[in-house]
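K.L.:
Okay, here's what each chain looks like letter by letter:
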Amino acid sequence: MTIQITKAGLQTTIQAGPRIGLRHLGVPTSGAADPLSLALANRLVGNALQAAALEVTLYGVSLRFGAAMHFALTGATARAELNGQAITVHKTMAAVAGDELHVAAFDAGARVYVAFAGGLVADDVLGSTSTYLPAGFGGYLGRALLKNDRLQTRSISMQPEVIQTPEDYQPLVSRTWALRACHAPETSLLADPGRVFDTNLSVGSRADRMGMQLEGEKIDILSNGRMCSAPVFPGTIQCPEDGQLFILSVDAQTTGGYPRVGQIARVDRHLLGQIRPGDKLRLLWRDEKTATDELRAKVEYWRAWLPTISSVI
Amino acid sequence: MPCNADRASLIRSSGDDLLSVDGAGPADCQALAEQLRSTGDWLECVAGIDSVVVQFDTTTLDTETARHRIEEELRICRAASDLVQAPLVEVPVLYGGEFGPDLDDVCEQVGLTPDELIELHTGCEYRVDMLGFTPGFAYVGDLDDRLNVPRLSEPRVRVAAGSIGIADGRTGIYALAGPGGWQLIGRTAMALFEPQSEEPFVLRAGMRVRFTAIDQQHFVAVTK
Chain A
10 MTIQITKAGL QTTIQAGPRI GLRHLGVPTS GAADPLSLAL ANRLVGNALQ
60 AAALEVTLYG VSLRFGAAMH FALTGATARA ELNGQAITVH KTMAAVAGDE
110 LHVAAFDAGA RVYVAFAGGL VADDVLGSTS TYLPAGFGGY LGRALLKNDR
160 LQTRSISMQP EVIQTPEDYQ PLVSRTWALR ACHAPETSLL ADPGRVFDTN
210 LSVGSRADRM GMQLEGEKID ILSNGRMCSA PVFPGTIQCP EDGQLFILSV
260 DAQTTGGYPR VGQIARVDRH LLGQIRPGDK LRLLWRDEKT ATDELRAKVE
310 YWRAWLPTIS SVI
Chain B
203 MPCNADRASL IRSSGDDLLS VDGAGPADCQ ALAEQLRSTG DWLECVAGID
253 SVVVQFDTTT LDTETARHRI EEELRICRAA SDLVQAPLVE VPVLYGGEFG
303 PDLDDVCEQV GLTPDELIEL HTGCEYRVDM LGFTPGFAYV GDLDDRLNVP
353 RLSEPRVRVA AGSIGIADGR TGIYALAGPG GWQLIGRTAM ALFEPQSEEP
403 FVLRAGMRVR FTAIDQQHFV AVTK
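Residue numbers (this note's numbering), protein chains in the order written: chain A, 10 to 322; chain B, 203 to 426.
If you are wondering where the hints come from, they were derived from the structure by calculation, not from laboratory data. None of the hints are false.
What the simulated footprint calls covered on chain A by chain B, stretch by stretch (three residues with Cβ under 8 angstroms from a Cβ of chain B suffice, anywhere in the stretch; the number is not a length):
id, segment
1, 33-47
2, 138-149
3, 192-205
4, 240-246
5, 256-265
6, 302-308
A few chain B positions that, by computed beta-carbon distances, are all more than 10 angstroms from chain A:
id, residue
7, Ser240
8, Arg271
9, Glu274
10, Pro289
11, Leu290
12, Val291
13, Thr315
14, Leu322
15, Glu327
16, Tyr328
17, Asn350
18, Glu356
19, Ala391
20, Met392
21, Thr414
22, Phe421
Beta carbons: idealized from backbone N, C-alpha and C, even for Gly.
Based on the provided sequences and hints, a complete structural model is requested.
P.N.:
This is the structure:
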């Protein structure tokens with residue numbers, strides 16, 4: 010069961026579940042930048058929710074199926090074609106040997122997930138098959154895919170049934186985001202927290218798996234620039250002395266020396282993977298208890314379609 | 203500080219699923235993190251230089267319960283001798299040349315000759331204060347005050363695995379290739395990452411480290 014990459018696009022990697030419990034060794038969370046969309050794609054082809062799939066960044070990918078296979082697309086709003094015919098996202102699709110899948114540029118959102126029945130075969134390193142690009146391990150030879158790479162899927166005993174994600178469970182992807190966020194240890198160093206929370210922010214030109222730079226007027230921080238390295242996590246909002254906020258994402262380092270002025274709440278952390286350069290953003294301040302209640306409500310909502318959602322987001 | 207009866211006031215929120223516990227320096231933080239990790243209650247226990255951050259699963263545990271549990275777990279006295287017995291690892295380094303491109307700059311900044319710098323750097327025993335930043339990256343402290351230099355103002359996009367840099371009073375050891383802003387003075391021939399091993403990183407927080415200078419021939423021999 011092979012799949013041949015015929016056009017690799019900007020950055021296409023194999024991603025699966027996160028690496029958990031290794032941050033004290035400097036090993037980042039890694040895994041799908043938008044784990045909810047990965048789970049939704051896997052659900053449509055009968056895989057475990059965190060099975061290895063393709064994560065396609067910002068614009069297209071093209072591939073050729075070497076055998077009959079079911080697959081599904083989720084995530085960013087993108088036009089996709091199978092042999093030139095438009096296909097439906099959020100639906101199990103069937104391809105036959107020789108079929109060509111082409112994903113065009115995205116209208117909104119940063120990442121499309123393409124899952125294949127059985128899941129992709131990938132290098133298992135430090136508890137996950139996800140590609141971690143900065144150190145070059147996991148996935149396919151630890152790197153982004155290139156033209157002519159050939160991927161294998163795991164064999165399956167039964168073809169998945171053709172299903173569609175119910176409309177209520179198809180996440181909205183737009184160019185405007187509201188992320189719930191809590192205070193962090195150095196929030197008190199902000200001269201004016203109102204410049205960070207509950208105000209309009211813009212995403213700068215850098216937004217990748219490491220994190221995203223926000224842009225705008227300098228934010229004043231009462232810091233001498235000599236903070237001790239402290240643990241950081243996906244969703245940590247840093248404010249370096251230059252006053253430009255930076256939100257860490259799944260591949261971010263495990264410790265950092267910049268003031269931590271906020272933390273994206275777990276309930277909305279999965280959305281970071283769909284935010285692209287130029288998007289608008291608001292950080293909605295929540296106290297810890299409210300953020301926890303909202304996470305539990307979200308988990309409850311999703312459980313009907315994704316039974317193991319609590320291990321996904 | 204073997205007992206933790208008064209830790210309670212030093213636990214702060216770091217997000218909805220993160221609590222930060224203040225520590226009294228790197229060794230204390232490592233011991234706290236190790237103690238919390240050993241309970242198996244937490245998703246992550248990460249030590250910084252002066253704090254430990256614990257991540258917990260808010261679908262089953264709320265912040266207040268987590269805070270009480272941390273207090274409870276830290277009430278138990280720690281064995282203060284744990285870290286003293288840490289193993290000593292010898293790290294052979296080829297200083298300068300193409301592997302230590304910043305050595306000459308550093309020497310100029312601190313007013314030492316390369317030989318003097320190498321003698322200072324290899325002249326004492328250090329401790330791995332923490333692993334962090336990137337997989338297996340070791341923060342090794344503390345450097346002689348005469349070797350205090352800042353990080354590069356423009357970090358390198360890619361630094362080779364095994365690179366040895368200094369900055370902000372510490373030595374940094376790059377277990378894997380990646381971006382980096384420390385001033386590179388050499389490279390070790392040691393394999394620092396064994397992906398299939400139970401303990402994938404050779405260096406661990408708390409370990410004692412001594413650097414030794416090797417020459418090109420020795421370096422090639424070790425890496426073969």
